[in-house]
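Asker: One-letter residues, chain by chain:
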Amino acid sequence: MRILLASIFILIFGLLDLFDSPRSVFHRFSAPIQYGLRHSAVVLKDSFKLFHNLNDIRKQNLFLLKENQELKGVIVDLKMAEEENELLRSQLKLKNEEFFDKELLMALVMGNPNDLTGTSLVLDKGTRQGVKVGDNAVVGNVLVGVVSDVSEERCVMDLLVSPQVSITVVNSEPASRAEGLARGDLGTSIKVTRLLPGEKVDEGDIFVSTGRDGRILPGLVIGQVSEVTLESAEPLKSAVLSSLVEYSRLEKVFIILGL
Amino acid sequence: MRKYLFITITTLILVLIQDSFLWEFLGTEFNPSLIIALCFALIFCDDSAGALFCALVGGLWLDLMGVGIVGLSSFLLLLLLLAAMWIRRSLLRGVWIQILLVIIITIVFKIAMNYPEAIFSWRLLFSGLLNFLIAMLIHYIIGRTRQKYLSFEFRIRA
Numbered sequence: 324m325r326i327l328l329a330s331i332f333i334l335i336f337g338l339l340d341l342f343d344s345p346r347s348v349f350h351r352f353s354a355p356i357q358y359g360l361r362h363s364a365v366v367l368k369d370s371f372k373l374f375h376n377l378n379d380i381r382k383q384n385l386f387l388l389k390e391n392q393e394l395k396g397v398i399v400d401l402k403m404a405e406e407e408n409e410l411l412r413s414q415l416k417l418k419n420e421e422f423f424d425k426e427l428l429m430a431l432v433m434g435n436p437n438d439l440t441g442t443s444l445v446l447d448k449g450t451r452q453g454v455k456v457g458d459n460a461v462v463g464n465v466l467v468g469v470v471s472d473v474s475e476e477r478c479v480m481d482l483l484v485s486p487q488v489s490i491t492v493v494n495s496e497p498a499s500r501a502e503g504l505a506r507g508d509l510g511t512s513i514k515v516t517r518l519l520p521g522e523k524v525d526e527g528d529i530f531v532s533t534g535r536d537g538r539i540l541p542g543l544v545i546g547q548v549s550e551v552t553l554e555s556a557e558p559l560k561s562a563v564l565s566s567l568v569e570y571s572r573l574e575k576v577f578i579i580l581g582l
Numbered sequence: 051m052r053k054y055l056f057i058t059i060t061t062l063i064l065v066l067i068q069d070s071f072l073w074e075f076l077g078t079e080f081n082p083s084l085i086i087a088l089c090f091a092l093i094f095c096d097d098s099a100g101a102l103f104c105a106l107v108g109g110l111w112l113d114l115m116g117v118g119i120v121g122l123s124s125f126l127l128l129l130l131l132l133a134a135m136w137i138r139r140s141l142l143r144g145v146w147i148q149i150l151l152v153i154i155i156t157i158v159f160k161i162a163m164n165y166p167e168a169i170f171s172w173r174l175l176f177s178g179l180l181n182f183l184i185a186m187l188i189h190y191i192i193g194r195t196r197q198k199y200l201s202f203e204f205r206i207r208a
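So the sequence lines, in the order shown, correspond to chains A and B. Residues in the first sequence are numbered from 324 upward in steps of one, following this note's numbering. Residues in the second sequence are numbered from 51 upward in steps of one, following this note's numbering.
It is worth saying that the hints were derived from the structure and are not from the lab. Among the clues, some could well be false.
From the structure, some residues in chain B lie toward chain A, with a derived Cβ separation under 7 Å [unchecked claim]:
id, residue
1, Leu66
2, Phe71
3, Glu74
4, Leu102
5, Val120
6, Met163
7, Ile169
8, Trp172
9, Leu175
Cβ coordinates follow ideal geometry from the N, Cα and C atoms, glycine included.
Using the sequences and the hints given, assemble the complete structure.
Answerer: This is the structure:
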């Protein structure tokens with residue numbers, strides 16, 4: 324009975340946030356161990372996968388060798404285009420990729436064992452490092468999630484596949500520019516709704532954020548169209564996006580500070 | 051005193067492994083709850099006080115490691131363990147009941163800690179079963195260690 328009383332007292336103290344400081348200290352010490360253990364699990368899992376998929380890897384290797392030869396030719400074309408692009412940019416004095424002017428904070432992904440939906444991850448940075456609710460997390464220029472909860476040393480990031488995250492998006496294809504609303508779909512994919520039936524959306528198109536929602540920076544890559552659906556009963560069509568980042572393999576992300 | 055210190059350190063190590071290595075390796079739903087396994091191993095060894103202390107400290111480590119309310123895991127684990135111990139003591143003692151108890155408590159704990167959403171998946175059954183196997187393994191290790199220690203002590207006395 325005494326032990327139950329002790330747990331009730333701990334719970335009350337916990338509800339009053341009296342454990343925030345000890346928790347911060349604990350997080351500081353446990354983060355490197357946790358990250359190390361998680362990283363070793365990833366390596367071990369990859370090794371198992373390698374042995375399991377050896378035949379597939381051989382086939383993929385042959386395909387990639389062929390693709391590599393083709394891409395070498397494309398690289399030469401791209402280099403020429405890049406030189407031309409550079410020249411045009413300097414002439415127009417365009418400020419490219421605006422969000423890199425903002426401060427980026429690297430955060431280690433700690434996982435989230437309590438989330439059975441698999442739509443959020445805990446990162447090892449919190450209010451002490453300047454993280455706020457609503458901050459965007461990216462890998463390269465690909466948006467991976469939005470910070471939904473922050474403690475002193477950690478924060479929770481809702482992934483784009485989470486139904487809690489909704490973003491105004493636009494098709495990056497210059498011929499289309501179709502706009503819609505992207506929202507996580509059951510933790511498996513991202514669904515873009517409210518697309519006008521006349522607007523051109525094809526598989527493989529890349530959707531980027533517009534920034535009109537006021538929460539997400541414009542120009543961040545959201546995902547690639549894997550399926551387009553137009554139900555006769557509905558006036559608008561929708562598309563399913565697959566993320567360009569594999570969430571299960573995320574180890575480090577960058578939080579954009581000072582939005 | 052030594053026993054409680056040992057439980058404190060062991061639970062910390064188990065929580066670190068559970069929330070990082072095993073979570074990455076097996077995924078959220080398949081991930082066993084090593085604290086529940088250790089608690090049940092102690093119950094199987096008829097060490098109720100140790101099991102309750104393990105639930106209190108293990109739950110606290112779990113909460114300190116995560117971002118939820120501190121103390122919730124401990125409280126919930128204690129309530130579930132007390133219920134399991136009451137069933138074991140007063141109602142049913144069969145092996146199948148013990149297996150069922152471990153599975154049910156693992157599932158209930160996992161669903162409750164996923165608050166505010168309550169999501170059930172059949173994969174949680176596997177997690178519960180794995181928990182039972184781990185509990186049996188720990189129970190075996192504790193039993194062997196005790197036997198060795200007691201026989202050693204007996205030899206000294208003799």
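Asker: Run every hint past the structure and note whether it holds.
Answerer: How the hints compare with the structure:
{"no.": "1", "hint": "Leu66", "verdict": "holds (6 Å)"}
{"no.": "2", "hint": "Phe71", "verdict": "holds (4 Å)"}
{"no.": "3", "hint": "Glu74", "verdict": "holds (4 Å)"}
{"no.": "4", "hint": "Leu102", "verdict": "holds (5 Å)"}
{"no.": "5", "hint": "Val120", "verdict": "holds (3 Å)"}
{"no.": "6", "hint": "Met163", "verdict": "holds (5 Å)"}
{"no.": "7", "hint": "Ile169", "verdict": "holds (5 Å)"}
{"no.": "8", "hint": "Trp172", "verdict": "violated (12 Å)"}
{"no.": "9", "hint": "Leu175", "verdict": "violated (13 Å)"}
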